[in-house]
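Asker: Each protein sequence line maps, in turn, to chains A and B. Mapping the first sequence onto this note's numbering, position 92 (from 1) lands on 92, and the numbers just tick up by one. So the mapping is simple: this note's numbering equals the position in the second sequence, first residue as 1, plus 1000.
It should be emphasised that the hints constitute simulated quantities derived from the structure, not laboratory data. Values in this document were obtained by computation on a predicted structure and should not be read as measured data. Each residue gets a CB set at the ideal place from its N, CA and C atoms; glycine is no exception. Some hints could be false.
Stated by the list, open to error - Now the stretches of chain B that chain A is said to cover, found in silico as 3 or more residues with beta-carbon under 8 Å:
1) 1079-1087
2) 1132-1144
Stated by the list, open to error - Here are a few chain A residues that sit away from chain B, every Cβ distance over 10 Å (derived from the structure):
3) Lys2
4) Lys10
5) Glu27
6) Cys97
7) Ser122
8) Glu157
9) Asp199
10) Arg202
11) Ser269
Here's the letter readout for the chains.
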Amino acid sequence: MKELVVISGKGGTGKTSLMAAFASLAENKVLCDADVDAADLHLLTAPVIIERHDFQGGGVAVIHPDRCSACGLCRDLCRFNAISDAFMVDPIECEGCGVCVDFCPEDAIDFPIKTCGEWFVSNTRFGPMVHARLGIAEENSGKLVTLVRQEAKKLAENNQLNLLITDGPPGVGCPVIASIGGASAILIVAEPTVSGLHDMERVAQLAAHFKVPGMVCINKFDLNLDQTSAIEKLASENNISAVGRIPFDPVFTESMVKGQTVLEYAGNSEIRHNIDKIWVNIRNQLVL
Amino acid sequence: MIISVASGKGGTGKTTVATNMAVSMGSDVQLLDCDVEEPNAHLFINPVMEQKKTVYAPVPDIDETKCNFCKKCAQICRFKAIAVINEIILTFPELCHSCGGCVAVCPEKAITETGRELGVIEIGHRNNLGFVHGRLRIGEAMSPPLIREVRSYTPSDRPTIIDAPPGTSCPVIAAMRGTDFVLMVTEPTPFGLHDLKLAVEAVKLLDIPRGLVINRSDIGDDGVRAYAKKENIPVLMEIPFDRGIAEAYSKGRLVVEEMPEWKERFRTLYLQIQEIVG
């Protein structure tokens, strides 16, 4: 089985719109939304949820005032300033290290496991999809990303599907690292701006660091042809294959408003030709 | 006053708003770029950098001559960053959350701390604008400690603008928490609205006053405006889609430099926030 992870470094370059377009072109695949922090793919694929599961994150400390002797040891040990003068734990600051729990001489601190999100298995008009929703201000996004990718893989294996297309998060930190480890390849959706170039370079370094082969396509390439060339040059210097360019086109936004993929909404346009070509190049790179 | 600029969805124009407002305020200002995974503000500000420092997270360093392999450190570590197998002790520094539990629990005092590089911080200025940003080391997963380090450069004597990372989880909380106002930047599309709602929930949780900038305000639909009205979030500025703005952005130019008429509008934006915060 092959897994293509679509990432961007910089947010808002068109990752999810393109990923949905590929979803309508690819065969025998499972879709996976690994941008658990701000998942948007479902807005285009309209999933019908068939399984719903809680996501258990780490523990969170809870001090019981009736057992607490206010000795202050927990506060001295907590490196995250999560315990107030009145010995209340701030659940947002609590890192879940449990050090206070283990050291409390009165055994006054519980450490319940938090439910910090949900994950789903769904049907869509493009095939099965695994997605998730991390609770607001929660940690463990990397753990949830790893979980949805594993579940999507299982689903593909059980249904004899040979491709997993994963929508990744922006950035280069914890959830991105969890998204790309072990993938067959990543597709970087870049935009031709100074920020786009800067961020694409960092995400390319990340892919190299984790030894995942990379491809890049440039969205809105005609906004700045110099930056488009700079991105393609950077790609070739870093052994990343440039798989195509897409012009700036308002149909991306228009199709999003209609809840459709760009290919469903503007099936006969120039855009279709560009995206078809990119998908053929990706298929060849993945040896599908 | 500390204003954080946040969005939920990436690519909506956070950096555009943060940088253009910072240079339009007409006073001494501090700009902190807390999007340490993909910092971009410097590309528009072009600050003169004066200082660079590497930031480390403490991780265990085990003195094997003192260790008796009692496993207490491995047992207390909830992040699986220490493993003891017979008379072999291994540490996995990239999994360590720097809680110090192993140091505190070791009965042989065999554990001290060394550093894992999180990234670098650069400090500079452009005229009367102070500038600090962080840059997460490639391969490093944990951005909040580096974000907190950037925020430690918040001055007490002048306004501070924080360019926050996208999303709604720990990095953005680290960037917004304790600020006086969150300026949320969105685009009027279904993706923009969906992620804005998540971001507003996070800001509510932190109980911080908030306002909205609608970027590319003439594309998409009316969902964002209807939501803002329902939630009583004031729309403080609308920026229409303009290919000129998009092209200026692509070259790393500030809107207020390309189109000076915007300077007054960004200054008004700041004054409105000042009035709300009081």
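Asker: All the hints need checking, so say for each whether the structure fits it.
Answerer: The hints, checked one at a time:
1. Note: the stretch 1079-1087 of chain B has 1 residues with beta-carbon separation from chain A under 8 Å; the three-residue rule is not met and the coverage is violated.
2. Against chain A, the stretch 1132-1144 of chain B contributes 7 residues with a C-beta closer than 8 Å to a partner C-beta. That satisfies the three-residue criterion, and the hint holds.
3. Distance check for Lys2 of chain A against chain B: the nearest CB is about 24 Å away, which clears 10 Å, and the non-interface claim stands.
4. For Lys10 of chain A, the non-interface assignment is contradicted: its Cβ lies about 6 Å from the closest Cβ of chain B, within the 10 Å cut-off.
5. Look at Glu27 of chain A: its CB is around 26 Å from the nearest CB on chain B, clear of 10 Å, so calling it non-interface holds up.
6. Residue placement check: Cys97 of chain A does not keep its beta carbon more than 10 Å from all beta carbons of chain B (closest about 3 Å).
7. Here Ser122 of chain A stays apart from chain B, with its beta-carbon at least about 16 Å from theirs, past the 10 Å limit.
8. Its beta-carbon lying about 27 Å from the closest one in chain B, Glu157 of chain A satisfies the requirement of being farther than 10 Å from that chain.
9. For Asp199 of chain A, the requirement that its beta carbon stay farther than 10 Å from each beta carbon of chain B is not met, with the minimum near 4 Å.
10. The claim that Arg202 of chain A is not at the interface with chain B is violated, since a C-beta of that chain comes within 10 Å of its own (minimum 6 Å).
11. Every C-beta of chain B lies more than 10 Å from that of Ser269 of chain A, the closest at about 17 Å, which supports listing it as non-interface.
Violated hints, listed in ascending order, are 1, 4, 6, 9 and 10; each of the other numbered hints is respected by the structure.
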